[in-house]
Amino acid sequence: MDCVETRMSDPIIVAEDVHKWFGNFHVLRGVHLTVSRGEVLVICGPSGSGKSTFIRIINRLEEHQRGRIAVDGIELTNDLRNIEAIRREIGMVFQQFNLFPHLTVFENITLAPIWARKVKRSDAEKQALELLERVGIPEQAQKYPGQLSGGQQQRVAIARALAMQPKIMLFDEPTSALDPEMIKEVLDVMGELAASGMTMIVITHEMGFAREVADRIAFFDEGRIVEAAAPVDFFTAPEHERTKLFLSQILHH
Amino acid sequence: MQNREILPPPMLRIGPLRWLKDNLFSTRYNALLTFLAVVFLYLTLHPTLEWVLWHARWDAIPANLKLFLVGIYPMKDVWRVWVCVYWILLLLGLSGGLWGRLAREAALIVGSGAILLLLLPFSWMERLWILGAVLGLFGGLSIGWLLRERKSWRKDVIILWALSPLIVVLFLGGLPNNPLLSPVGTNQWGGLMLTFMLAIVGIASSFPLGVLLALGRQSSLPVIRWISILYIEVVRGVPLITVIFMTSIMLPLFLPAQVRVDQALRAMVAFALFTSAYIAENVRGGLQAVPRGQIEAAKAVGLSGMLTTFFIVLPQALRVVIPANVGQFISLFKDTALVFVASLLDLFGMAKSILANPDWLGRDREVLLFIAFVYWLFTYFLSRMSRRLEKALGVGER
Ligand SMILES: Nc1ncnc2c1ncn2[C@@H]1O[C@H](COP(=O)(O)OP(=O)(O)O)[C@@H](O)[C@H]1O
Ligand SMILES: [Mg+2]
Chain A
763 MDCVETRMSD PIIVAEDVHK WFGNFHVLRG VHLTVSRGEV LVICGPSGSG
813 KSTFIRIINR LEEHQRGRIA VDGIELTNDL RNIEAIRREI GMVFQQFNLF
863 PHLTVFENIT LAPIWARKVK RSDAEKQALE LLERVGIPEQ AQKYPGQLSG
913 GQQQRVAIAR ALAMQPKIML FDEPTSALDP EMIKEVLDVM GELAASGMTM
963 IVITHEMGFA REVADRIAFF DEGRIVEAAA PVDFFTAPEH ERTKLFLSQI
1013 LHH
Chain B
22 MQNREILPPP MLRIGPLRWL KDNLFSTRYN ALLTFLAVVF LYLTLHPTLE
72 WVLWHARWDA IPANLKLFLV GIYPMKDVWR VWVCVYWILL LLGLSGGLWG
122 RLAREAALIV GSGAILLLLL PFSWMERLWI LGAVLGLFGG LSIGWLLRER
172 KSWRKDVIIL WALSPLIVVL FLGGLPNNPL LSPVGTNQWG GLMLTFMLAI
222 VGIASSFPLG VLLALGRQSS LPVIRWISIL YIEVVRGVPL ITVIFMTSIM
272 LPLFLPAQVR VDQALRAMVA FALFTSAYIA ENVRGGLQAV PRGQIEAAKA
322 VGLSGMLTTF FIVLPQALRV VIPANVGQFI SLFKDTALVF VASLLDLFGM
372 AKSILANPDW LGRDREVLLF IAFVYWLFTY FLSRMSRRLE KALGVGER
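Residue numbers (our numbering), protein chains in the order written: chain A, 763 to 1015; chain B, 22 to 419.
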C-alpha cells in the first residue's frame, strides 16, 4: 500500500474545470481529474457524454476553451512546441485503429521514431521487432494493415503508439470495433502493458477488464465526471443514481 | 454421412455459339441491337476500309517520315536523336528488368512496337537504326533481369533517369563551338520529337506545381490560400490557346529586351502553367478523400504537419487521383498540337506544313489520319499503363 500512496502523490495529468463547446453545444461542463504516474484509469459512461472529447483534449486533438490541463508539468496552451512535446509523451489508440494503409506494419511502427524522434533507422527497426514480439505478432511485420484481422490491427496500433516510448497511453474504446473472439487478445496486451507500470486512460465498456486491471473507474455523464472510485467500491457501492442505472444496463447482458 | 470432400468448382466450357447466344442474342431486344450494330459497322467501316486499303495514296507518309519524326532537324545530326532514343530505351529496359511488373510491361510493349516498325517500308539504313533500338531495349531488359537481386542498382538507374533531361538537351541542342555536337536551335526541333518534349516537360513540371497548388489551397495561411485559389480559378477559366499566346507572344513584352526565352521553352511553360491548375483540382479531391483519422493518428504519434502531409496524406491522396491525372496528361499530350499558334512545328504543325507543299496537294485525309493514329497509339499506351499502375498500387481495393 506504500506504493499506492507514493503514486497518488505524483500526478502526471492534472485537469481543472475543463470546458468545451462544439458551436453552442456544451460538451464538457467542468471536468476535474488527476491521474497519478503509473495509474490505470478506466472511463465509462453513456454514449455522447464527452468521453472521447475529453481524452482527445489531453493530447490536443481537440482544444479546450476554459480551465487548465497540465501533462507531466507541461501546460496545454497554443504554443506549438508545447503541443509537440506533449504528443511525444502520449500514445493514443483509436477505436478504428487508424493504421496507415499504404505502409507495412513495420513501416507503420518505425515511421514516427525515425522522423519525429530522430532515432537511427537500425535502432528503430530493432525496437519495432521487439514491440511486435511483445504484442504477439512478429510474423506479420511485412504485411499491410488491410491483410490483418481487426485484433491484429489493433495490436499493431498499440505497438505503433509504444514505439514513441510515451509516458502515458490513451485508449478510446479500443475493442468496440472488434469481433468478440478478438477482444481478448487486445485486452491481454493492454493488461500486460498496465502490469509493466504504464500510465493509462482507457475508455471502455469491458467491465471485466475494468474490474481486473483498473486502479480507478471514472463515470462520465453529460460532460462531467459524476463519480470516480476503485473498482471494488464502484461496482459494489456506486453513490449516484445515474451510475447505478448505467451499471445495471451494462451488466445485464 | 455426406461426402464432405472439398470439390473443385464446376468446369465452365462455353462454345463460341453458346457465347454468341448468351451475349449477343439473349433476348429479342438484344438480338435487334446486335443486328443494328452490325449494319451500322458495315455501313461505316466498309467504305473506310476500302478507302484505306485501295484508294488512299499513302506515299506522302514514307516520303516525309523524317519530317514527321524530327521536323527540320539537320539531316547530318539525326544520329544525335537516335542516341537519345537509345539512351531512353536502354534505361527503360534496365528498369523493366530491375523492377518487374509495370516497368517490364512498358518495356515489352515499346519493344514489340519497335519490332512492328521493322516490318514497315523503311530504308535499310533506318531499319538498322531501329534494330539497334530494339537490341538496346532488350539488352537493357536482360541486364536488368540478371541484376534484379542487387537492390543497389535501382538507385543507380534512378540517378541515370534523373540525368536524362540533361543528356537529351545536351545531345539535341549541342554545344557552342563543338564540331561534333554543333548547336541546333529549338526552332529546328520538330515533329513527333518536339511533341514528346513538350508533353514530357509539361507533365514533369505541372505535376509538382499542381500538388503544391492543391496543398496551398488548403493552407492555414490565408495569403497562400488566396493566391492558390486565384491562380487555379483564373487559369481554369481561360482557354489553353490563350495561355500559349500569352507566353509565346506577350511574355517578351513584359521581360527586359536582353532576356530571350526560347520559343519551345515558352510553350512548355504555357502547358505547365495550364495543366497544373487542373492537376491541383484533381489532387484536392484526393486530399479530401483521406480520412480525418489518418491525420489524427499521424499527429498522435508526434509527426509534424509537414511530415504528416509528406508521409501520410500525399501518398494516399495521389494514389486515388491517378486515373484523373493520367486523363489530364493525355489531354496535355494531344493539346501540344496547339503550339502551331506559336509557330512551332510539332507533329501536327509538321503535317500542316507538308500539306502546304504543292507536291503533296490533296493528301489531307491520309496525312491527318496518319498523325491521328500516332497520337492515338501513344495515348492508348499511357492509359493502359495508368490502369496497370492503379492495379499495382491497389487503387479502389481499400
Ligand atoms: N467535431 C465535433 N463537432 C461537433 N460535435 C461533436 C464533435 N465531436 C463530437 N461531437 C459531439 O459531442 C458529443 C460528445 O461526443 P464524444 O466525446 O464523442 O462522446 P462519447 O465518446 O462519450 O460517446 C456528442 O454529442 C457528439 O455528437
Ligand atoms: Mg467515443
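Mixed in with the good hints there might be a few duds.
Unchecked claim - Computed cross-link-like contacts, PhoX-like style, restricted to lysine-lysine with a CA-CA straight-line distance of at most 25 Å:
no.	chain 1	residue 1	chain 2	residue 2
1	B	K172	B	K412
2	A	K882	A	K905
3	B	K355	A	K905
4	B	K373	A	K905
5	B	K176	A	K882
6	A	K880	B	K412
7	A	K882	B	K172
8	B	K412	A	K905
9	A	K888	B	K172
10	B	K373	B	K176
11	A	K888	B	K320
12	A	K946	A	K880
13	B	K412	A	K882
14	A	K929	A	K905
15	A	K929	B	K176
16	A	K929	A	K1006
17	B	K320	A	K880
18	B	K355	B	K373
Unchecked claim - So, partial list: chain B residues that the calculated Cβ filter (under 8 Å) puts toward chain A:
no.	residue
19	V311
20	Q315
21	K320
22	V322
23	L324
Bear in mind the hints are in silico, worked out from the structure with no lab data behind them. C-beta: ideal position from N, C-alpha, C; glycine also.
So if I understand the rule, the pair passes when the alpha-carbon distance is 25 Å or less; does K373 of chain B with K176 of chain B pass? violated, 43 Å
Would you check the hint for K888 of chain A and K320 of chain B, treating anything up to 25 Å between C-alpha atoms as holding? holds, 23 Å
Are the Cα positions of K888 of chain A and K172 of chain B separated by 25 Å at most? Distance ~22 Å between K888 of chain A and K172 of chain B Cα, so the pair holds.
Quick one, are K355 of chain B and K373 of chain B close enough, alpha carbons at most 25 Å? Holds - the C-alpha atoms of K373 of chain B and K355 of chain B are around 16 Å apart, at most 25 Å.
Verify the proposed pairing of K176 of chain B with K882 of chain A, using a straight-line Cα cut of 25 Å. holds, 21 Å
Quick one, are K929 of chain A and K905 of chain A close enough, alpha carbons at most 25 Å? violated, 28 Å
Taking only the CA atoms, is the gap from K412 of chain B to K905 of chain A under or equal to 25 Å? holds, 18 Å
Agreement of K882 of chain A and K172 of chain B with the hint, judged by alpha carbon distance not exceeding 25 Å: At roughly 21 Å apart (the allowed maximum being 25 Å), K172 of chain B and K882 of chain A satisfy the hint.
Run the distance test for K172 of chain B versus K412 of chain B: straight-line Cα separation, threshold 25 Å. holds, 23 Å
Keeping to a limit of 25 Å between CA atoms, is the pair of K880 of chain A and K412 of chain B held or broken? Roughly 34 Å between the alpha carbons, so the hint for K880 of chain A and K412 of chain B is violated.
Taking 8 Å as the limit, does the beta-carbon of Q315 of chain B come near enough to a beta-carbon in chain A? For Q315 of chain B, the interface hint holds, since the closest Cβ of chain A sits about 6 Å away, which is under 8 Å.
For the pair supplied as a hint, K412 of chain B and K882 of chain A, confirm whether the alpha-carbon distance does not exceed 25 Å. At roughly 34 Å apart (the allowed maximum being 25 Å), K882 of chain A and K412 of chain B break the hint.
In the structure shown, a violation is registered for the earlier hints numbered 3, 4, 6, 10, 12, 13, 14, 15, 16 and 19, in ascending order.
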